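Assemble the whole structure, with the sequences as input and the hints as a guide.
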Amino acid sequence: MTHFWKVCLVNVRGNFQCLAFKMQVWTVIFNSFFLLILYVVVLYLGRNKKSQNISDVDHHGTICCSVVFSETNANGYFNICHIGHGPLENVTIHNSPFTLTDQINHKIAFLENYFPPSCTFVLIGHSIGAYMILKLLEYFGKDQKRITQGLLLFPTIERMAISPSGRLATPVSNYFSWPLVAAAWSLSWLPLSLKKWLINIWFIRRNVHEGCKDAIVQLINADTIRNMLFMAAEEMEKVDKTPIELISDHVDKLIFYYGASDPWTPRSYYNEMVSRFPMAQIYLSEQNMRHAFVLESHHEMAEIAAKWIK
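Note that UniProt numbering numbers the sequence shown so that position 155 is 155, with each residue one more than the last.
Quick caveat, the hints were computed from the structure, so don't treat them as lab data. Small disclaimer: the values here were computed from a predicted structure and weren't measured.
With a straight-line cut-off of 20 angstroms between C-alpha atoms, the simulated PhoX-like cross-links for lysine-lysine are:
(1) Lys-213 - Lys-196
(2) Lys-307 - Lys-253
(3) Lys-253 - Lys-145
(4) Lys-145 - Lys-135
(5) Lys-253 - Lys-135
(6) Lys-142 - Lys-253
(7) Lys-238 - Lys-135
(8) Lys-195 - Lys-213
(9) Lys-241 - Lys-135
Cβ-Cβ distance ranges computed for the label pairs, FRET-style:
(10) Gln-287 - Tyr-175: 32 to 40 angstroms
(11) Ser-248 - Pro-191: 49 to 57 angstroms
(12) Ile-108 - Tyr-175: 29 to 37 angstroms
(13) Gln-281 - Trp-197: 37 to 45 angstroms
(14) Ser-193 - Gly-141: 45 to 53 angstroms
(15) Glu-138 - Asn-207: 32 to 40 angstroms
(16) Lys-238 - Gly-141: 18 to 26 angstroms
(17) Leu-246 - Tyr-114: 22 to 30 angstroms
(18) Glu-138 - Trp-197: 43 to 51 angstroms
(19) Pro-278 - Pro-191: 52 to 60 angstroms
(20) Pro-164 - Pro-117: 37 to 45 angstroms
Beta carbons are placed, not taken as given, at the ideal position from N, Cα and C, and that holds for glycine.
Right, here's the structure in full:
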């Protein structure tokens, strides 16, 4: 835990919040927070009806990483957010929303451009981050040695559009994007204190950490919501067939963790995955964590993940 080179910020067509590193084994966390924000915006409307990309990783990613890091032999960790899922500074203006492929290439560029070939990685992906891990494994190839483990938490890697949540997200992201972007633009002009008050009211009955609320406040931005909705629409379209062959090629490196009542990955998805890969490490949450575990169960999830990391 010594001789750390601390890094504040690294830019690769977007921002990475780099906490610490040492040239050996790395733990990389990919977090997908955008669907939670989609819910907040939609439900808020219905009810009334560092340069940083803080959105995906600033608070809950840091907590999860610190717990995992302290309980394993990993020599450093990075949180990697999705490009455009938060206010960006000091980067080239990108007028078009970032595609799912852009997001995947963003992660590939980070691993390839900032580390020598001798570095190995443990990747932890939540939701669509799990899909991205599979795509990184596909990119590096069947015989690759750089990625030693992939932890897929609440993995949205198949049939997203027909999942219970997908049936809601598909029409919302395809047909109601501009009203939501306009709503985000309007809300962005509210005083910071009022935005925080609204978030506190929304989560009044839930034990959500203050840092998570602060991160959500940062997401009340028209460009951020536009990127999130565009990516959501692409996910509903592209994340469809189960990548059986890809999983088979790397199954010895993968650990799956499903929610017991996750509307993005119904219990049937878990049962089918166990049936297809009986020897794989596929687990069902015994703590009944929500899909957005980052709000209330990040410590518990981090402690579970730490036990898996070799």
